[in-house]
Amino acid sequence: MTMELRPNTPGGPLAEKWERHRAELRLVNPANKRKHHVIVVGTGLAGASAAASLAELGYTVSCFCFQDSPRRAHSIAAQGGINAAKNYQNDGDSVFRLFYDTIKGGDFRSREANVYRLAEISARIIDQCVAQGVPFAREYGGLLANRSFGGVQVSRTFYARGQTGQQLLLGAYHALCRQIGAGQVRMYPRTEMLDVVVVDGQARGIITRNLVDGKISAHVADAVVLATGGYSNVYYLSTNAKGCNVTAIWRAHKRGAALANPCFTQIHPTCIPPTGHHQAKLTLMSESLRNDGRIWVPLRKGDARAPGDIPETERDYYLERLYPSYGNLVPRDLASRRAKEVCDEGRGVGPGGHGVYLDFRDAIARLGEAAIADRYGNLFQMYQRITAESPYRAPMRIYPAPHYTMGGLWVDYNLMSTIPGLHVIGEANFSDHGANRLGASALMQGLADGYFILPYTIGDYLAQAKLPKLDATHPAVRQTGAQVADRARKLLEVNGRRSVDTFHRELGRLMWDRCGMSRNAAGLKDAIQKICVLREEFWDDVYVGGRGEDLNEALEQAGRVSDFLEFAELMCRDALERDESCGCHFREEYQTPEGEARRDDERFGYVAAWEFTGVGKTPLLHTEPLQFEAVHPSQRSYT
Amino acid sequence: MRVTLHVWRQAGPAALGKFVRYDVSDVSADMSFLEMLDVLNQQLIGRREEPIAFDHDCREGICGACGMVINGRPHGPQRATTTCQLHLRSFPDGAELWIEPWRARAFPVLKDLVVDRSAFDRVIQAGGFISVRTGSAPEANSVAVAKQDADLAMDAAACIGCGACVAACPNASALLFVAAKVSHLGLLPQGQPERASRVVTMVTQMDAEGFGACTNHGECMAACPKEISIDFIARLNRDYLKAAVRGAA
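Line by line, the protein sequences give chains A and B.
Residue numbers for the first sequence, in this note's numbering: 1 to 639.
Residue numbers for the second sequence, in this note's numbering: 1 to 249.
Excised from the complex, chain B in its bound form (with noise of 0.2 angstroms):
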C-alpha cells in the first residue's frame, strides 16, 4: 500500500515548523506506524535529507516513548493503542495523514515530532511517591491490602506516562497524568500518611508547569492508551478538597 503524509519539521525549539509533504509507497499494512517512519527515514537519509526526529524506545506500548497527533487524534485512530503499536492496517490505502507533536505549552517542541516532557517528572518528583528507605519496610504480608482496592491501584498505576492526555486535552490539562498518581498512592493504605500532602503539592507543581486546568472534556479518556478512567479525576479532586478543608492546601 502506499500512504501521503504531512509531517511537522521544526529544526528546533525556537525555529518555526511546517508541515512537510511524503510520499511513501511500498509499504505493507502489516508495518507498524513507526516502521513506515523508519521506512520513510531510510529513503530520506538514501537521499542525503535529514530524517524525522521521533521518540520511540521499546516499540510494545509500555514505556511511553512514542506518541504523535495522527490526523488530530493523540497515537492515532485505534483505541487503547500506543503509536508503537498502531499498524497501517488501520488505514486505507492511500491514506492521508497529518503528523503532529503533542501540542502544549507544557511540552516544548525539541525537535519535528520529540518533545520536551520533563514538566512530568518535576511532577512526580514534587510528592508523587511514598517516602519509605531503603530496608525500613516492614513483612510484606504484614498488611493487607483488600483485593478491590489493590486491582483498582493497579488500574491507576497502568499510565504509562506518555502525555496523550495532555495532548487530547483543549486546555492541555494534566490532570488525568496526576490524578492517576494519586489515586494509585491514595488507594493503598502505605499511602495514607501522605495522602493530603501528596495531591496538593502535585497539584501545585502541575500549575506551575503551565499546564491548564481540567473542565471535564473527557478527552484525555479517550485518548489513554491505557484507559484509564476520568473516575480517578473525581477521586483527586475529592483529595484536594478535603485536604485543602484541613489546611493542607
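In isolation and in its complexed conformation, chain A is listed as follows (with noise of 0.2 angstroms):
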C-alpha cells in the first residue's frame, strides 16, 4: 500500500480556516471522554500542555519522560521569548503580520493555513499564561513588557529576564501536576520510549524501557502524542541537553510515520566556541548581543596576537563589509554561515580556530560600561562563568552551533501523522517553520499545539476511529516489545571495543562537516558511504557494558546512537535530493553571483516526506505541494 499526504487542510478564506474547522470537528461526549486512553510522550511545553488540557477534558491520560521530573525537559533552556501578536506596543502588529514574518522567515517552506492558526492563536497563549502565573517582565504600570527579536520591525516577544523557556515551561509543569494530584494523569518519569505499537495501521500504545531497573513494558491506549522535541544531537555537539534524541520519531518512522524536511537544521550563530576534545554539549548565548557587539576576525590567517594588539586597520568586520545595511544583524543562517567561513580560511581566532570574535569596545566606549552591564549583564556573567575572561576587557569569542530542527514528523492540519492515531506536536513535527525558524517562535508553537490545537483535533480522531479492545497480551504487542528487548540485548552482545561516545561524536563531525551550514552532493554522498561504514562498525565493535536490567546510561545512549546512525542517512538523502539552497539549507551549488541562496520554488516548492524502506535501503519520496493564495514568495536579500 503506498503511503498519501493528505493535508486536510480546511478550505475558504485563510482567517477562516482555523474557526470553520473548529466548527466542523467531530466531539466526544463528555460521558465517553474517560473511557479513552490517550499517551503522550515528552513533557516539554508541547507535551506537558497538551498532558494537563486533555487531562482537565476528561481524557484518561498517560505521560512519560526520560528525565527524572517533567519539570527538566529541554524546553526550559530557552532563553529569549514567545511572540505574540497582542499589539499591545500599539505599533502596527497583527495576526497577518506575525503570519507573514514567520512564513517568510521559514524561506516559503511552510504550510501557509498552519502558520497562520499559529498566528492566530498566539495571543491566547499569553493570556493562559499569566493566569498560570508566569512572571513575564511588567512596565512601571503594571501591564505586561515586549521587546523586539530576531530582527522583526514591532516588539511583540514577551520574555521572563533570561528565562522564558523555564518559567512557560514551569506553568505547563504546574498544570500538568495539578492533573497528576488529581489522578487524571499517570506520570512515567525516567521511562524512555522505545517503539510504537501499530495494530491494524493504528497507533495503538507504545513499548517503554524503565531507565532505573530497564524493565520493558507495554502501555496500550486508543492514541499517541510524540512531543519528543528536536534531533539536533545527530552533531554530537549542539546547544540541545545531553538527552535529546531523535529515537521516538524515529521509531515510528520505522513503525510508518513519514518524515519532513530533516535536513532542515537551524545553526545559530552566537554560541560559546568549543574549548577542547572533552567537549561535551555547546550553550548558547542570546542574540541580542548582536546588536551592539561588532564581529571581526584578523585580516591575515593565523594571526596569533592578542585582539588588542590587532590594530583597526588589520581587521575584518566581515558582516559590515559584506551587508553594509544590515551589518553584525543578518539573519542567524548568514551569520553563521559567514562565521564559517572565515574560520575555515584560517582565520579564525582561539582554540583550534573555531571562533569569531564579538567585540563590545565601541559599544562600551560609546554608551559606557554601565549601559552595557544594564543590557547585557547576565549574559556577560554566563559567558565569563564559562570561559574565565571578561567580555568588558577582551571580545567575547562565539561560533554556531546546532540549535533546532525544523524538520520532524509529516503530520497533517489536524497534527496527526500517516499512521492514523500517532498525532506529534512541537519541535517533532515538521509543521510551522519551514526551511528557517524565527526567534522565539519554538515556545509559541509547542504551547500552541499542546494548549489550543491537539486538544481539539485528536477528539475528531477519537470520535469517528474504530478502536477494538486490546490488551498487552495482543501479539502485536507483544511482538513489538519482543523487538525492544532484543534489540538491547543485542547492543550489549556486540562487546566490541570502542564506547558508544566515539561513534557519536564521529557521527556528529561528518555530519557537521558534510551536512552542516553548507551542503554540496559530493559531499553528501560521501557522508550517505561514510554513515554506512560507520553503522556497521557500530553493530561490529560497539562496546556497551553492564546490564539490561540496571541503570545503564551506556545502554541509553547507545539505543539513541544507533538510531542517529540510521536517521543521520536520511538527513543526508533528503539534502541532496534538494536541488536548491533556502532558509537553513545552503547547497553550494545553487547560490547568488553575491554568494546567497537561490531558492527554487517552480521545482522544489513542496514538503519532502520520506516513507522508510529498510536500513540501508533507499527511502521513498513523497511531495506535498505548498500552495500560497495570500503571500506571495520572494528572493530575500540583505545586501
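Source of the hints: derived by calculation from the structure; they are not laboratory data.
Glycine included, C-beta positions come from ideal geometry on N, C-alpha and C.
Treat the hints with care, as some may be off.
Claimed, not checked - Just a sample of chain B residues kept apart from chain A, beta carbon distances all over 10 angstroms, derived:
id, residue
1, P51
2, R103
3, K111
4, K242
As the list claims (entries may be wrong) - Per the computed footprint, the stretches of chain A lying under chain B, defined by three or more beta-carbons under 8 angstroms from a beta-carbon of chain B, are:
id, segment
5, 50-64
6, 74-84
7, 395-406
8, 547-554
9, 596-602
Both chains are given apart, each in its own frame, so use the hints to dock them into the complex.
Structure (C-alpha cells):
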C-alpha cells in the first residue's frame, strides 16, 4: 500500500479556516472521554501542555519522560521569549503580520494554513500563561512588557528575564502536576519510549524501558501523542540537552510515519566555542548580543596576536563589509555561514581556530560600561563563568552551533502523522517553521499545539476511529515488545572495543562537515557512504557494558546513537535530493553571484516526506506541494 | 592538570555504598566538572569497569538535573553555580575531591550519585499551582501586576528544583524549595484564591515525604545555585500562620 499525504487543510479564506474547522470537528461525548486512554510522550512545552489540557477535558492520560522529573524537559533552556500578536505596543502588529514574518522567515517552505493558525492562537497563549502565574516582565504601570526580537520590525516578544522557556515550562508543569494530583494523568518519569505499537494500521500504544531497573513494558491506548523534541544532537555537539534524541520519531518513522524535511536544521550564530576534545555540549547566548557587538576576525591568516594588539586596519569586520545595510544583524543562517567560512579560511580565533570575535569595545566607548552591563550583564556573567574571560576587557569569542530542527514527522492540519492515531506536536513535527525558524517562535508553537490545537483535533480522531478492545497480550503488542528487548540485548552482546561516545562523536563531526551549514552533492554522497560504514562498524565493534536490568546510561545512549546512525543517512539524502538553497539549507551549487541562497520554487516548492523502506535501503520520497494564496514567495535580500 | 577523586559508588538502592579512589590525569582547567567525569567514565569503559552514574541533562545550569556534593558542599565551592557550570579552574592542580550524592531520607540513592527526587514533584502536585483550565483565562492585561511584585515573584520562580537546599540543610529540610513556590504564586494576584490552601497542602506533603524541619541555619540559601533568598521562608511562615488562624490548616 502506498503512503498518501492528505494535509486535510480546510477550505475557505485563510483567516476563517481554523474557526470553520473547529466548528466541523467531531466531538467526543463528555461522559465517554474518560474511557479514552491517550499516551503523551515528552513533557516539554508541547507535551506537558497537551497532557494537562487533555486531562482537564476528561481523557485518561498517561505521560512519559526520560528525565527524572517532567519539569526538566529541554524547553526549560529557552532564553529569549515568546511571540504573540497582541499589538500591546501599538506599533502595527497583527495576526497577519506575525503570520507573514513567520512564513517569510521560513523561506516559504511551510504550510500557509498552519502558520496562520499559529499566529491566530498566539495571543491566547499569553492569556493562559499569565493566568497560570508565569512572571512575565512588566512595565512600571503593571502591564506586560515586550521587546523586539529576531530582526522583526515590531515589539511582540514576551519574556521572563533570560528564562522565558523555564517559566513557561513551569506553568505547563504546574498544570500537569495539578492533573497528576487529581489522578487524571499517570506520570512515568525516568521512562524512555522505544517503539510505537501499530495494530491494524492504527497507533495503539508504546513500548517503554524503565531507566532505573531496565524493565521493558507495553502501554496500550486509543491514541499516542509524540512531543519528543528535535534531533540537533545528531551533530553530537549542539545546544540541546545531552539526553535529546531522535529515537521516538525515528522508531515511529520505521513503523510507517512519514518524516518531513529532515535536512532543515538551524545553526545558531552566537554560541560559546568549544575548548577541546572533551567538549560535551555547546552553550547558546542570546542573539541580542549582536545589537551592540561587532563581529570580526584578523585580516591575516594565523594571526596569533591578542585581539587588543591587532590594529583597526588589520581587522576584518566581515558582516559589515558584506552586508553594509544590515551589518551584524543579518539573519541567523547568514551570520553562521559567514563565520564558518572565515574560520575555514584559517582566520578563526581561539582554541582550534573555531571562533570569531564579538567585540563590545566600541559600544562600551559609546554608551559606557554601565549601560552595556544593564543590557547584557547576565550574558557577560555566563560567558565569563564558562571561559574565565571578561567581555568588558576582551572581545567575546563566538561560534555557530546546531540549535533547532525544523524537520520532523509529517503531520496533517490536525497534527496527525501518516499513522492514524499517532499525533505529533512541538519541535518533533515539521509543520510551522519551514526551512528556518524565527526567534521566539518555538515556544509559541509548542504551546499552541499543546494547549489549543491538539485537544480539539484528537477528539475528532477518537470520535470516529474504530478502536477494538486491546490489551498488552495482543500478538502485535507482544511482538513489538520482543523486538525492543531484542535490540537492547543485541547492543549489549556486541561487546566490541569502541565506546558508544566515540561513534556518536565521529558521526557528529561527519554531519557537521557534510550536512551542516553548507552542503554540496559530492560531500553528501560521501557522507551517506561513510555513515553506512560507521553504522556497520557500530554493530560490529561497539562496547556498551553493564546489564540491561539496571540503570545503565551507556545502554540508553547506545540505543539513541544506533537510531542517529540510521536517521543521519536520511538527513543527507533529503539534503541531496533538494537541489536548491532555502533558509538553513544552503547547497553550495545553488547560490546567487553574491553568495546568497537561491531558491527554486518551481521544482522544490514542496514538503519532502520520506517513507521508510528498510535500513540501508533507499527511502521513498512523497511530496506535498505548497500553495500560497495569501503571500507571494519573494527572494530574501539583506545587502 | 590532574585530580584525585573519591567517588561514592553504590550499586543500587539497597546496596552498601563506599568511596572509590580514582586518579584522573590529563584534564584541562577549561573542562567543566561533568566533562571531567565524562573523561573518567570513558577511561572506566576502556578498562571494562562500570562508569559512574550521575544525573545531568542541559549542562547550562537551568534544568536542575545535575547535583553532587563536592568536598562537603552541594554543587561545589563556587557560589551561584550548578555542578555542570563548575569548571576545573576552580580547583588547584592535584586537588583531592570527595564526591557524594545528595544525602536526605526523602531523596533515596538509586545508584552512585543518582538520587530519587520525586518527592519534590509530589509536593508540587499537592498544591504548587494556580488552578486554571486551558481556555478559560481572561485577557492577559486585564489584571495589572505591580512591577516589584512581578520581579520578586520571578526571583522566587527562578528555582530549578535541583535539591541542593535539601542536601545542604543539616535537617534535610525542603522549606526553601517549598517557600520559593509558595512565594512565587502567592505574590501574584492570580495566585490569591488558593493562597491559604496552597501553603497548607504543600507543607503537609513536604512533612509526609520525610523532609526535616527548618531551624534557620541558612545553609540552603548559601548552596542555592539560583541564590533564592530565605526571606521567602519568612513569607511562607507568615502565610502558613495566617492560614492556620483562619482554619485552613
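| Violating hint indices (sorted, rising) | Hint check: 1, 3, 7, 9 fail, others pass.
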